[in-house]
Amino acid sequence: MFVEACLAGERKAFEVLVDRYEKKLYNAAYRVLNDPEDAIEATQSAFVKAYERLGTFDTSQRFFPWMYRILVNESLNIINRRKRFEELDSTIPVPGRNPEEKYGDQEIARHLQAAVRELPPDYRVVIALRHYQGFSYEEIAEILGVPEKTVKSRLFTARQRLRGILESKGIVG
Amino acid sequence: MIDAWIEELMWLEIDQMISPSEHERLQAHLKTRPTDREHFAALQRMAQLFGQMGEVDPPAELHERIIHALETAKPPRSHRAHLFARAGAGEERAGFIGRLTALFTPLTPRPAWTLAAAAVAGVFIGVIGYHLIRSGAGTTGDADNARFYGTVNKDGLGRDGAVLHIDVEGATGELRARRDDSRVFSELDIRSEKEIEIILEYGGTPLDVAAGKRSGYPPNEVAAGDGEVRVRNRGDGTYRFSFALAEDPASPMTVSVRSEQGEVLYQGKVLPPAAPARQ
Chain B
210 MFVEACLAGE RKAFEVLVDR YEKKLYNAAY RVLNDPEDAI EATQSAFVKA
260 YERLGTFDTS QRFFPWMYRI LVNESLNIIN RRKRFEELDS TIPVPGRNPE
310 EKYGDQEIAR HLQAAVRELP PDYRVVIALR HYQGFSYEEI AEILGVPEKT
360 VKSRLFTARQ RLRGILESKG IVG
Chain F
867 MIDAWIEELM WLEIDQMISP SEHERLQAHL KTRPTDREHF AALQRMAQLF
917 GQMGEVDPPA ELHERIIHAL ETAKPPRSHR AHLFARAGAG EERAGFIGRL
967 TALFTPLTPR PAWTLAAAAV AGVFIGVIGY HLIRSGAGTT GDADNARFYG
1017 TVNKDGLGRD GAVLHIDVEG ATGELRARRD DSRVFSELDI RSEKEIEIIL
1067 EYGGTPLDVA AGKRSGYPPN EVAAGDGEVR VRNRGDGTYR FSFALAEDPA
1117 SPMTVSVRSE QGEVLYQGKV LPPAAPARQ
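Chains as they are written, first to last, in my numbering: chain B, 210 to 382; chain F, 867 to 1145.
Think of the hints as simulated: they come from the structure by calculation, not from any bench.
If a hint is listed, it holds; no wrong ones were tucked in.
Calculated pairs, EDC-like style, for lysine to aspartate or glutamate (alpha carbon to alpha carbon, straight line, at most 20 Å):
hint	chain 1	residue 1	chain 2	residue 2
1	F	K940	B	E261
2	B	K233	B	E351
3	F	K897	F	D869
4	B	K233	F	D923
5	B	K221	F	E930
6	B	K233	B	E246
7	B	K233	B	E250
8	B	K232	F	E927
9	B	K233	F	E927
Okay, chain F solo, but in the shape it has when bound (with noise of 0.2 Å):
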């Protein structure tokens, strides 16, 4: 029977983390014992067996799975904790100017963006004061737009059409959304010089997105996951998609643009447009 030390050397010695003066032990100790040299020999091709095996080659299936598998998992905790945490805190703002605010608020504060998301806030609140000088009654007076957006009301809040004007370096465009009970449907215009990234995220809900691939997502597409929907454009891009709400939704959807090379150009946050009243 070989005792338990000496064995326990010699798979150091096969797995070759044995130190210089184990070694020396271990084969001091073989030279004087042919029957624990057999044993050794056993250990080794027991190990080389091992080695024989090789790799196994994955099912073909097996990539498509995890992709899909992943395409309805949860965002990683901490980015989605970040986006709930911005999202509560503009909730929490009262009045209409607070509303305002926290439909853009950038997500990390830079100096930068604040000034960027200032401008859009401002033209934001340039576009609502005209449909709501131009209609009168507070409805935009615009049948093709209002098809899109509808109308807004003088508070702006409980509004079931929503605007943003974009107008970054590079990109310019607008995105309007209307709602009809459970869907939003949305058209995006924009205009890009180079490749733009448009990011709708919304709090984890599931959207389920009526037009635009799921997967594949090349430029100048639509591209939906669990929560987001993507824009991927370069030059002139006109857009539709809706996607149905789970619930009445509490928080804002943020909106980015990103760059090609990821830079976020613009964050901002829109209030999903509440549903219409019904008659």
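Bound conformation, chain B alone (with noise of 0.2 Å):
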């Protein structure tokens, strides 16, 4: 409806979905740039984008889905414009043989999420969409207009990845 109505001109309208995606895409953005500044930038493109080529949108199909392809789009290009400038953490200490205890929560939700941005552009996406946005399977293959195998292929790399590399910082036994 709302979708309809912006395209009958009434710009209003497309702040009613502004309004509706605007946090969920924000922490996206945010869990695949790991950078609030990078995070903002992605989401205000991504709906500009999404304003500007609602004609292209078929309306018979969900908006969420195409909304957060071009979200995705958004960050993988601050990434790529970005990346000789990135700088990988490390400064992550020593390992300890009780994560737990040597950690607090705070501390080692703060040794993923650095872990995570140690993960390729592609499966940062797909850990973002599953543990953060909490999608399925079947809907992260829409929003990234994949197979819904290559999502679990990619979902299954990423984890064994992340495991190994929050393994090797003492951060999970």
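Dock the two chains into a complex; use the hints.
The structure is reproduced here in structure tokens:
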């Protein structure tokens, strides 16, 4: 309904969509980009592009996978643009035998986010969509425009790598 | 080393996307493999860590930045293409009658609107004719009105002013415009029983509105965005606003009147007034 109103020239109708998706999209971008300013840029660009391309949206389909796909592409564009400036966090502490005792929850969460950042962008995206946004495999496939088995495969590899990173740093046993 | 297939089942279990048969297979496997049970527990802890991270609150300025960016964004393509296509069709019509018809072509042809558009066009022709007869030499002869819509040439082309009478159910009014080089100065007098919205769209050309608010847009105010000016009116209202034209317009301006519910009461086209000839 809002999409049709936007296409009829009602820009205000699009603002309803902004209200509805802004926080979730920002969170997804933040988890992929790990930088608040980059996440703002990605979210803002995604909304502007979605608005300008609304005419290409198939109204028989669900809106959120289309919107998320634009956000993912914007986030990947930002990663590609800033790749050479990106420095991996090398300040992770030395492994310990009982990480849960050694680090508090917040500390572990910080290390986890840093570990996600070490993953290649495609893997970061599936991790963000699955673990932070809670999308099903089917929904992630719809967002990324890839088969569901590709999503499963990417998630599996991403988690294996993630676990390897966390193990090597003593965050999980 | 754990087998990949069993780890895959573990993740399916954690993601709650495992089938009953896969679940049984996994449970049977774990019963006899204490090492794999430990591995499964480690994966579950990792998944829990993600859950503990929760949602991040976006910075306060995010919403404003998005809305501001949307104000300068291009309107959705299908909408713009629609307007351009109609405008182009109007331009191709030859002659004075063709041009007058182009001014008031409804965007969506419906029988009721066709009649309404024809009625408004009739009023418009009457007004132009009245001024032509009254002025004799083709000027309005009305000092006050001339301030806004200046002279009208015999053939209706190359004029430096335009006037549009609005007479729809529940609303009557007049939109007058004159042009001074790149700026168009407009005055709108409108009376409406209920809240209506008058929208001037202009082919995507950014309008630099000199008067009126760009945001907020309460009733009885003028608002402007990319390529459009909006006036929301209830009761008697007079609005003056001006805007700059980036380039000489080739397509007509679309004027719409909408009800509070968004129903299009009227939609027509007005050729922007031509720039006055330099002496």
